[in-house]
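We have chain A already, so just place chain B on it with the hints.
Residue numbers (this note's numbering), protein chains in the order written: chain A, 574 to 832; chain B, 574 to 832.
Please note that a few of the clues may not be correct.
Intra- or inter-copy, both count: the list cannot distinguish identical chains.
What the hints assert, rightly or not - Here are the computed lysine-lysine pairs in the BS3-like style, where the Cα-Cα straight-line distance is at most 30 Å:
no.: 1; residue 1: 587; residue 2: 603
no.: 2; residue 1: 741; residue 2: 604
no.: 3; residue 1: 750; residue 2: 830
no.: 4; residue 1: 632; residue 2: 750
no.: 5; residue 1: 587; residue 2: 621
no.: 6; residue 1: 750; residue 2: 604
no.: 7; residue 1: 741; residue 2: 830
no.: 8; residue 1: 610; residue 2: 820
no.: 9; residue 1: 749; residue 2: 621
no.: 10; residue 1: 830; residue 2: 749
These are calculated hints, taken from the structure and not from any lab test.
Protein chains: 2
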Amino acid sequence: MKVDSKQIDEFLVKLLDTVGQTLRTDAIKKKSVGTKKNRNDLVTNFDKKTEQFVNSEIKQAFPDATIVSEEGYGDAVQDMSGLVFFVDPIDGTMNFVKRQDDFASMIGVYIDGEPLNGAIINVMDNEIYHGGKEIGLFINDKRIENPKNLPLIEGLVDVSAPMALANKFNVQEVIKKSSGFRVYGSAGIIFGHLLTGKEVMYMSYLAPWDLAAGRVLCEAAGMSVVSIDDAPINMLKSQVVIVGTSKVVSEALTTVKTR
Amino acid sequence: MKVDSKQIDEFLVKLLDTVGQTLRTDAIKKKSVGTKKNRNDLVTNFDKKTEQFVNSEIKQAFPDATIVSEEGYGDAVQDMSGLVFFVDPIDGTMNFVKRQDDFASMIGVYIDGEPLNGAIINVMDNEIYHGGKEIGLFINDKRIENPKNLPLIEGLVDVSAPMALANKFNVQEVIKKSSGFRVYGSAGIIFGHLLTGKEVMYMSYLAPWDLAAGRVLCEAAGMSVVSIDDAPINMLKSQVVIVGTSKVVSEALTTVKTR
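Next comes chain A alone, as it looks inside the complex:
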């Protein structure tokens, strides 16, 4: 199958730009809605509405592609052959609901199982992180350099709250070897931090749509993306992943305990 990564990139950026405009308006609506039940219904609606819009745009532009997405409007994808889009309409829902910032929208694109393109919008900052191995990495129109390959001791690490608090997989030992621990609560926002060197590692249990775009971008930036037991990443299931500089991921893998 012949695909044009540059063309897909332009499509993704335009799409997420539109999604960003809508979600910023939604965030303001969300803030002004009175009761808790109404607020929650509203968020579910925003999520579904966004996914429906994104999926229909993808189907129109790439009729042969299949879609894996969070809210159920995607396809029943059984294998990774051909062009597969992963869609997370609102990532960091709790941040969207509770703080109206630090949430994202993400699309990852794979071709015959290989990472091709990724795009993540930090909605409230209106910054789109996008690109891939073939075309390089950008924030909006600006090309960015790969982050430095820092060791664990020199960087901040972000670990999902339940995992860190319960010390699952001995992760607190990894945290202790780092410069410090942060919890921002949205995979998409944290991928942005990794791509700009603000954090050096993210560890969490992620669904395919949580991981897809970030994996493309972080691998294109020279970082490592591994499942916690060092098995190959499987894009059709949820798994515990470590994403970070290659030095940090090596150190983390020798520190975590999987049994």
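Structure of chain B alone, referenced to chain A:
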């Protein structure tokens, strides 16, 4: 002693505006410096230089005031009589060093032991949170409303990383009762979140200069600021504090264990 809260507020805003401009330039310098040792020396210099500047401006404008500050250029303050300024030149040093965002500069002002004025600049966002009980609360020139008095279950909580990971004071039980756990790594940044309702509680071990400005602003916003054993806050020592909506602080105090 007769003091004019509006006049002090104007002084603080002008001062932090200047500090912000300098620190944004410093952050860029910091990013470009090569070796780790040089980078650390640079940060210490930024911290000291900022404090010296702030303290000398305060002394010039308020010659009778005393100053409690982090880096040692303040006075040996023994009691809270008269006008006392608390200065934290760079709050969230690790964020400044590692990510060049989410750090702050803070000044709190007390008169005969009573909270009077506070000002916190989110340096990279160029937002100054300021005001006090007498004059109300502002972000830059815009007056802000008090955040809603939400219960624990409806909001995100920020707890210092070492305290949360080690479950000190049974704090993980407080976290479990909330909507979610976040770690942003700077008291000043988190006070901004509390003032805008993005988070409903912050718990940490804070020095006087970490707490002073945030206490003034949060109390002026109708929130509660208590020491963990529910004793009166002592502004001349470090202590474990809980800051949050009054509902959340009540719930937290019945959940934490101090022995």
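Using 30 Å as the alpha carbon limit, work out where residue 750 and residue 604 are close: within a copy, between copies, both or neither.
This pair counts as between: shortest inter-copy Cα distance 22 Å, intra-copy 39 Å.
For residue 749 vs residue 621, is the C-alpha pair at or below 30 Å within one copy, between two copies, both, or neither?
For residue 749 and residue 621, only the inter-copy Cα distance (28 Å) is at most 30 Å; the intra-copy one is 39 Å.
Evaluate residue 830 and residue 749 at a C-alpha cut-off of 30 Å and name the case that applies: within, between, both or neither.
both (15 Å within a copy, 25 Å between copies)
How would you label the pair residue 610, residue 820 (within, between, both, or neither) given a Cα cut-off of 30 Å?
Answer is between: at 20 Å across copies they meet the 30 Å cutoff, but 46 Å inside does not.
When no copy is named, should residue 587 and residue 621 be tagged within, between, both, or neither for a Cα gap of at most 30 Å?
For residue 587 and residue 621, the Cα distance is within 30 Å only inside one copy (20 Å; across copies 46 Å).
Tell me, please, which holds for residue 741 and residue 604 at an alpha-carbon limit of 30 Å: within, between, both or neither?
Classified as neither: same-chain Cα gap 35 Å, cross-chain 34 Å, threshold 30 Å.
Reference check for the pair residue 741 and residue 830, CA-CA at most 30 Å: within, between, both, or neither?
both (8 Å within a copy, 24 Å between copies)
Intra/inter-copy verdict for residue 587 and residue 603 if alpha-carbon distance must be at most 30 Å:
within (24 Å within a copy, 34 Å between copies)
Copy assignment of residue 750 with residue 830, given that the CA separation must stay at most 30 Å
both (15 Å within a copy, 28 Å between copies)
At most 30 Å between CA atoms: does that hold for residue 632 and residue 750 within a copy, between copies, both, or neither?
neither (46 Å within a copy, 42 Å between copies)
Against the hints set out earlier in the document, violations occur for numbers 2, 4.
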